[in-house]
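Undergrad: Letter by letter, the chains look like this.
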Amino acid sequence: MKKQAINARTYGVKPWYDPRVRSLVYQTLAIALVFWGGWVLVENTLSNMASRGISTGFGFLDETAGFGIIMHLVPYDATMSYGRTFWVGLANTLLVSCMGVIAATVLGFIIGVARLSSNWLIAKLALVYIEVIRNIPLLLQIFFWYFAVLSNLPSPRQSADLGSALFINNRGLYLPQPVPQEGFGLFIAGVVLAVFAVVWVAKWARKRQLATGERFPMVKVALAILVTVPFVAYVIAGDPLGWDVPALKGFNFKGGITVIPELAALWIALSLYTASFIAEIVRSGILSVSKGQTEAANALGLPNRLTLRLVVIPQSLRVIIPPLTSQYLNLVKNSSLATAIGYPDLVAVFMGTTLNQTGQAVEVVAMTMAVYLTISLLISLLMNLYNRAVAIKER
Amino acid sequence: MLNEASGIDAQSSPGGQQPAVKPDIIRIEGVHKWYGGFHVLKNLNLTVRQGEKIVICGPSGSGKSTFIRCINRLEEHQHGSIIVDDIELTDDVRQIDSVRRDVGMVFQHFNLFPHLTVLENCCLAPVWVKKIPRKEAESTAMEYLERVRIPDQANKYPGQLSGGQQQRVAIARALCMKPKIMLFDEPTSALDPEMIAEVLDVMIELAGSGMTMLCVTHEMGFAKTVADRVIFMDAGEIVEQAPPQEFFSNPKEPRAQKFLQQILQH
Amino acid sequence: MTDLSVMPPKKAIGPIQWMKRNLFSTWYNVVLTLVVAYLIVTSVGPLISWFFVDANFMGSDPKDCSGAGACWVFISQRLDFFIYGFYPGEQQWRVDLMFLLLAVAFVPQFIERFPGRKWLGLFGVVGLPVAGYILIPGGPFGLSEVESTKWGGLMLTLILAYIGIIASLPIGILLALGRRSEMPIIRGLCVVFIEVWRAVPLITVLFMASVMLPLFLPEGLNFEKLARALIGITLWQSAYMAEVIRGGLQAIPRGQYEAASALGLGYWRKMGLVVLPQALKLVIPGIVNTFISLFKDTTLVLIIGLLDILGTVQSTVTDPSWQNVAVEGYVFVAFCFWVFCFGISRYSQSLERKLDTGHKS
Numbered sequence: 001m002k003k004q005a006i007n008a009r010t011y012g013v014k015p016w017y018d019p020r021v022r023s024l025v026y027q028t029l030a031i032a033l034v035f036w037g038g039w040v041l042v043e044n045t046l047s048n049m050a051s052r053g054i055s056t057g058f059g060f061l062d063e064t065a066g067f068g069i070i071m072h073l074v075p076y077d078a079t080m081s082y083g084r085t086f087w088v089g090l091a092n093t094l095l096v097s098c099m100g101v102i103a104a105t106v107l108g109f110i111i112g113v114a115r116l117s118s119n120w121l122i123a124k125l126a127l128v129y130i131e132v133i134r135n136i137p138l139l140l141q142i143f144f145w146y147f148a149v150l151s152n153l154p155s156p157r158q159s160a161d162l163g164s165a166l167f168i169n170n171r172g173l174y175l176p177q178p179v180p181q182e183g184f185g186l187f188i189a190g191v192v193l194a195v196f197a198v199v200w201v202a203k204w205a206r207k208r209q210l211a212t213g214e215r216f217p218m219v220k221v222a223l224a225i226l227v228t229v230p231f232v233a234y235v236i237a238g239d240p241l242g243w244d245v246p247a248l249k250g251f252n253f254k255g256g257i258t259v260i261p262e263l264a265a266l267w268i269a270l271s272l273y274t275a276s277f278i279a280e281i282v283r284s285g286i287l288s289v290s291k292g293q294t295e296a297a298n299a300l301g302l303p304n305r306l307t308l309r310l311v312v313i314p315q316s317l318r319v320i321i322p323p324l325t326s327q328y329l330n331l332v333k334n335s336s337l338a339t340a341i342g343y344p345d346l347v348a349v350f351m352g353t354t355l356n357q358t359g360q361a362v363e364v365v366a367m368t369m370a371v372y373l374t375i376s377l378l379i380s381l382l383m384n385l386y387n388r389a390v391a392i393k394e395r
Numbered sequence: 001m002l003n004e005a006s007g008i009d010a011q012s013s014p015g016g017q018q019p020a021v022k023p024d025i026i027r028i029e030g031v032h033k034w035y036g037g038f039h040v041l042k043n044l045n046l047t048v049r050q051g052e053k054i055v056i057c058g059p060s061g062s063g064k065s066t067f068i069r070c071i072n073r074l075e076e077h078q079h080g081s082i083i084v085d086d087i088e089l090t091d092d093v094r095q096i097d098s099v100r101r102d103v104g105m106v107f108q109h110f111n112l113f114p115h116l117t118v119l120e121n122c123c124l125a126p127v128w129v130k131k132i133p134r135k136e137a138e139s140t141a142m143e144y145l146e147r148v149r150i151p152d153q154a155n156k157y158p159g160q161l162s163g164g165q166q167q168r169v170a171i172a173r174a175l176c177m178k179p180k181i182m183l184f185d186e187p188t189s190a191l192d193p194e195m196i197a198e199v200l201d202v203m204i205e206l207a208g209s210g211m212t213m214l215c216v217t218h219e220m221g222f223a224k225t226v227a228d229r230v231i232f233m234d235a236g237e238i239v240e241q242a243p244p245q246e247f248f249s250n251p252k253e254p255r256a257q258k259f260l261q262q263i264l265q266h
Numbered sequence: 001m002t003d004l005s006v007m008p009p010k011k012a013i014g015p016i017q018w019m020k021r022n023l024f025s026t027w028y029n030v031v032l033t034l035v036v037a038y039l040i041v042t043s044v045g046p047l048i049s050w051f052f053v054d055a056n057f058m059g060s061d062p063k064d065c066s067g068a069g070a071c072w073v074f075i076s077q078r079l080d081f082f083i084y085g086f087y088p089g090e091q092q093w094r095v096d097l098m099f100l101l102l103a104v105a106f107v108p109q110f111i112e113r114f115p116g117r118k119w120l121g122l123f124g125v126v127g128l129p130v131a132g133y134i135l136i137p138g139g140p141f142g143l144s145e146v147e148s149t150k151w152g153g154l155m156l157t158l159i160l161a162y163i164g165i166i167a168s169l170p171i172g173i174l175l176a177l178g179r180r181s182e183m184p185i186i187r188g189l190c191v192v193f194i195e196v197w198r199a200v201p202l203i204t205v206l207f208m209a210s211v212m213l214p215l216f217l218p219e220g221l222n223f224e225k226l227a228r229a230l231i232g233i234t235l236w237q238s239a240y241m242a243e244v245i246r247g248g249l250q251a252i253p254r255g256q257y258e259a260a261s262a263l264g265l266g267y268w269r270k271m272g273l274v275v276l277p278q279a280l281k282l283v284i285p286g287i288v289n290t291f292i293s294l295f296k297d298t299t300l301v302l303i304i305g306l307l308d309i310l311g312t313v314q315s316t317v318t319d320p321s322w323q324n325v326a327v328e329g330y331v332f333v334a335f336c337f338w339v340f341c342f343g344i345s346r347y348s349q350s351l352e353r354k355l356d357t358g359h360k361s
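Chains as they are written, first to last, in our numbering: chain A, 1 to 395; chain X, 1 to 266; chain C, 1 to 361.
Derived from the structure by calculation, the hints contain no laboratory data. Be careful, since some hints might not be right.
Result set (EDC-like, lysine to aspartate or glutamate): computed pairs, CA atoms no more than 20 Å apart in a straight line [as the list claims (entries may be wrong)]: (1) A:K333 <-> C:E195; (2) A:K291 <-> X:E76; (3) A:K207 <-> X:D152.
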């Protein structure tokens, strides 16, 4: 035995059996392989593009686009550049994503809580909603809202008239646009004042609660302040808001704000679909708080309402937030299904029309992917920061 | 040593020397409970006088935890009556809440709130339930944390403490509500052996202060030192109750004899 | 005194008691229940009459539909197209055979104690792709060739989802092992690969596969559109698969790795014989869940011009000879997907529960 051990040491380790050498070799090989693969791809691509007469580089971004986009948040017309189409698409993607995130969160929390309701009918209804919606492809749901519901709405001349200022037809939803007039600043000041007042009262109420144990009906008071102060300011300023009401001119409505049906269909479908996943996350988050925690709170004499607010919700939020953000990420990615119904999002405008017209696939695809990569990295960065903040408390 | 350690109100001397003069604080009559078709508690009768220390033991699955949890209505009994401090436990939420305010409980798995610091754990119920000013609640909490010998951990989170420390915090948290009765549901069975002593010391000290205690435990040493009465349960029934000297030296029921044999073998 | 030694006191929970407790316990529950009940009652009636009572089931052309209810004639007339796409009629038995083999391999997985369940599963993973490769495109054994451009409908949906999941499994395992490797460069490469694919939407991947893949390949070498889509889907899916498998690898306690090393097993034997078999068993529910989402996501291929089941329906509902059959078409597709996804998700949930209890001490 002993002799062998000595032998092993005197002979030394053969390089091939040394794990460090092995790992070095493997990694060098991997790097070489990646570089070789990359080089082959670049080589192929360049020769292919040359033979097809496609130019390279980002020069095309300054060329005139020459096509119209049905909806743009940043100023745009057909004489502007391809570079501008990128921003128009990005803004539209961000718009529908933000709208979707807000609606899906509100709906998802309501349905998730309803799923745990003591009311049998409500709980079952929430269950049916979740199981139906999340097992049907999102694209199909978008098609349903766009082709089956919204395009079956009446034509502009027979528009459904909701209170003589709101119109719905198969070209979209027409809302009156508020136009601030003289004295509007006073109203804004009223709103700001109300918000500050609520913050101040909340701070005061918290301080008093800590000092004396007295509780304060914060929600009711806050609502009262938020409604009355701006209202009084509005009246004093003498009705400072004009409305640009849409009106039927020729074949369609002019004026006001138009929500195009593509946006509406995408928004409805994205929100309903994502809400069904968020509802499940909320439900399992609430259930993840162990029974021992509610029992301990009950044993201390906390009534159920306070147990929920002080013990269950703070703990379940930690469980809910990580998967919730990944649902937000999914929603942003899913908003690219806009292409299928022609909502001008980043993919439809830039990866669709711009790519088709310029043929510069590599640059366009790389830019589009970089956008989604950036959004995803940003969100996971925030997520990691949040997790770290929570983790410090834990251990 | 026990007497020296006594704390808050020294109105009663430890060991239950003159229990006869004390009024009843818990009255349990003919309590039955079923889980579905399974009969967990069978016709339990028990009266506890103020300041009395009772140890409940028995084989696992005998219903002792369920029994003790009925006393603050974490479990619902289906027949019979439980009267705690002159309040009967019924479906009435207000009665349940007022009983729970006066009855502290310590759990096997501590059940501290992981998202709150030790101090916040202790202040939560006094502030929100008893509406005691925060400052006052904090100073009371620090008092009790000193009594369980961990004042220096007050601003840590439960996850940062050892099991023994967590259980002591749990005891302090329950005491912060200034309860009249303390329930202990196997407080040491989830602990590593070297931590059991520190928790038992605190409990012995608490017993010395005259607190009414009901304790489900297998710590027979604790029962011998502290208990006024030992209750032996098996299969949902109270099989035997006796003072500890009598119970340990001369158990009457064969089931109790067998249980003691098994437990004292080690 | 009643005899309490035997039975619990009967708490009479009659229907009224039940309703009081579960529907009308507080004033807001009363309001909620009444509002919801009203909505259900007013919407279910018209729905039933649209689906069944006023609907037309029999017939052969648009004139057989009254228009008062659903026109199911449309579905039954176009069913062939929705299932097989343009696959020639006399060759459709080959597809049917594959459907049958698929069912034989996987339906028993839902039934515990089915004899030879494991072997059928193995056949489903290994044998089925080979059978499909021979049967569907044809060629060998005198089977006439059917070009991939003629494939479509449900059959194409299943092909995409099935190949996507089977092909991404080995790549996903390698990526997961790489991400947990101790070699920093290997780990870094795997992390970048996984995170990039997971960050981008499937549509961009499909666009890339259909537009950029031809540019990447040397001249003369090219794939059909379907193959390009499959390459994109597989790469994209393998990133998700890697994350699922990594979860399983992380769940295996350190002791298992150490015990395998202590027995003198090298890296690949340790992983192949000890760690992966346990980890893969743990992640079956996760794999099933990724399959469900991939199955739903395959509908996206219609954007790059492949006719999956939604694509076939979408292209027929715009057919001018049938008026206003969009809802019927969508309901049909929704129903197909729902049955598949709901059934499979129930299966994965029951599996999860089983594994869960199996792993608690």
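Undergrad: Give a verdict on every hint.
TA: Results for each hint:
1. Taking the CA atoms of A:K333 and C:E195, the gap is near 14 Å; set against the 20 Å cutoff, the hint holds.
2. Restraint check: the Cα-Cα separation between A:K291 and X:E76 comes to about 16 Å, which is no more than 20 Å; the hinted pair holds.
3. Of the pairs offered as hints, the one joining A:K207 and X:D152 is violated, with about 26 Å between alpha carbons and a cut-off of 20 Å exceeded.
Taken one by one, the earlier hints fail for this structure only at number 3.
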